[in-house]
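Novice: Sequence:
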Amino acid sequence: MSRPLITLLLAASLAVPFRTAAAPRRLDIPVTVDGGAVITVETAWPEKRPARALVVVVAGTGGTADPYLNPELHKPAYDPDHRGGLTGKLLAAGYAVAYFGQRGYAPLRSCISGNSARERAAAFVTHCLDPKVRAGVDFAAITADTGRVFAALARHPRTRHLAQIAMPYSEGMHHVSAAVGQHAIWLAGIVSVGGPVEALGSIVPYQVQYEYFVNIATDGFAHCPNRELTAEQLFGCAGKWQSPFLLSKMNELMGAPTLTRQQLLLRREVLRAHWRAAAAQFASLSPDASIGGSFEGHYIPSAWNARFPYQQMSAAVGSLEQLGAFDGRVTYLFGTRDHLIPLPAPGPCPARADGSARTRCSIRLIADVGHGLEDESELPPEAVLDEMVRAVDEVADAAA
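When you number the sequence shown by my numbering, it's gap-free, plus one each residue, and the end is 401.
In case anyone wonders, no lab produced these hints; they're calculated from the structure. A few of these clues could be false.
Here are the simulated SDA-like cross-link-like pairs (lysine to any residue), alpha carbons at most 25 Å apart as the crow flies [unchecked claim]:
#1 Lys250 <-> Cys238
#2 Lys90 <-> Glu388
#3 Lys90 <-> Asn71
#4 Lys133 <-> Ser111
#5 Lys133 <-> Cys238
#6 Lys241 <-> Gln264
#7 Lys76 <-> Pro31
#8 Lys49 <-> Arg391
#9 Lys250 <-> Gln208
#10 Lys250 <-> Arg277
#11 Lys250 <-> Val205
#12 Lys76 <-> Leu386
#13 Lys250 <-> Glu229
#14 Lys49 <-> Leu28
#15 Lys250 <-> Gly63
Bear in mind the structure is a predicted one, so any value in this text is a computation, not a measurement.
My request is simple: use the sequences and hints to build the entire structure.
Specialist: In structure tokens form, the structure reads like this:
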């Protein structure tokens with residue numbers, strides 16, 4: 002700032018009565034975790050009214066602070082605050098909102114630039130990740146960091162007076178429920194988006210072995226007498242919705258333009274063998290090593306610590322069991338087009354191991370959307386965003 006501008010501002014401050022500065026509508030809260038790494042929690046606040054509660058969005062496996070980052074990067078203009086429209090909906094409903102990425106990620110607004118999706122994705126890989134920090138991120142560290150973030154928000158002067166409502170996406174539900182069960186965090190309730198009820202140790206092989214697509218192919222052959230079927234015919238015979246992406250995954254399972262019943266059995270055995278080999282390989286990796294990943298076609302040399310996949314596939318306790326005696330309201334939201342996890346039955350959550358009912362826990366299926374409640378645009382439609390906010394309202398009302 003130049004000296005003339007400083008002078009002008011000082012003169013103006015003497016000419017008007019003193020006022021307390023309005024609280025900012027956006028506030029970044031740094032949280033230091035072990036090893037000196039810092040996780041930046043980005044918070045946004047409703048205008049002209051106090052917040053009803055603080056909704057804390059927890060990332061899934063990708064770990065970024067935007068659950069809809071990929072489709073957001075493909076828009077004509079990238080808006081780091083949009084996040085699938087979720088931020089605006091929650092703010093309009095009177096909630097403060099917090100987002101955070103896993104350790105080793107910079108705030109997205111500080112590191113993503115470019116005029117195309119490819120340029121923005123390249124900027125993300127180049128500028129948003131700290132490879133040295135990411136090389137140490139394993140599954141257990143993510144759970145511990147999740148607890149640290151919620152605990153820091155419970156202490157911070159701006160957020161400590163607000164009830165916390167967790168909104169974990171996908172794998173994030175494992176970390177939230179584990180932290181709750183360990184009494185590391187105290188929540189008013191949880192609205193889970195695509196967060197598995199079952200243990201992640203059973204979800205990983207479901208994905209690696211293409212079980213969703215094996216099931217569709219099996220149903221397809223059960224309903225059509227053809228000796229061999231294309232990917233499109235398998236979806237059609239099974240009566241399942243298809244998209245270019247899902248067709249591409251089915252073609253990966255098939256390994257050829259068409260599939261027969263006998264080939265399906267053989268392909269299933271190949272995938273099971275592949276899973277066993279992959280599990281053995283990950284179990285043998287040194288804890289000092291890191292593993293790579295990819296984002297929008299860009300390679301990431303150090304995406305996680307080598308312990309991450311083995312710890313993930315060894316997670317043997319589901320989120321419901323991890324919650325233990327937690328009595329806050331819990332709502333699981335799933336899209337009926339989810340291909341990443343087996344869908345549970347809608348309705349009340351299953352009883353605890355001792356037979357006691359989880360009276361404030363429910364499972365809901367939302368039609369025509371996928372794992373993150375997205376439609377064909379890869380973003381959640383307005384009606385689904387409204388459903389998500391209604392679920393948050395129910396948690397807030399129950400905790401009031």
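Novice: Hints first: check each against the structure and report whether it holds.
Specialist: Hints, verified against the model:
no.	hint	result
1	Lys250 <-> Cys238	holds (17 Å)
2	Lys90 <-> Glu388	holds (10 Å)
3	Lys90 <-> Asn71	holds (20 Å)
4	Lys133 <-> Ser111	holds (19 Å)
5	Lys133 <-> Cys238	violated (49 Å)
6	Lys241 <-> Gln264	holds (21 Å)
7	Lys76 <-> Pro31	violated (29 Å)
8	Lys49 <-> Arg391	holds (22 Å)
9	Lys250 <-> Gln208	holds (11 Å)
10	Lys250 <-> Arg277	holds (20 Å)
11	Lys250 <-> Val205	holds (16 Å)
12	Lys76 <-> Leu386	holds (19 Å)
13	Lys250 <-> Glu229	holds (18 Å)
14	Lys49 <-> Leu28	holds (16 Å)
15	Lys250 <-> Gly63	holds (19 Å)
Violated hints for the displayed structure, listed by number in ascending order: 5 and 7.
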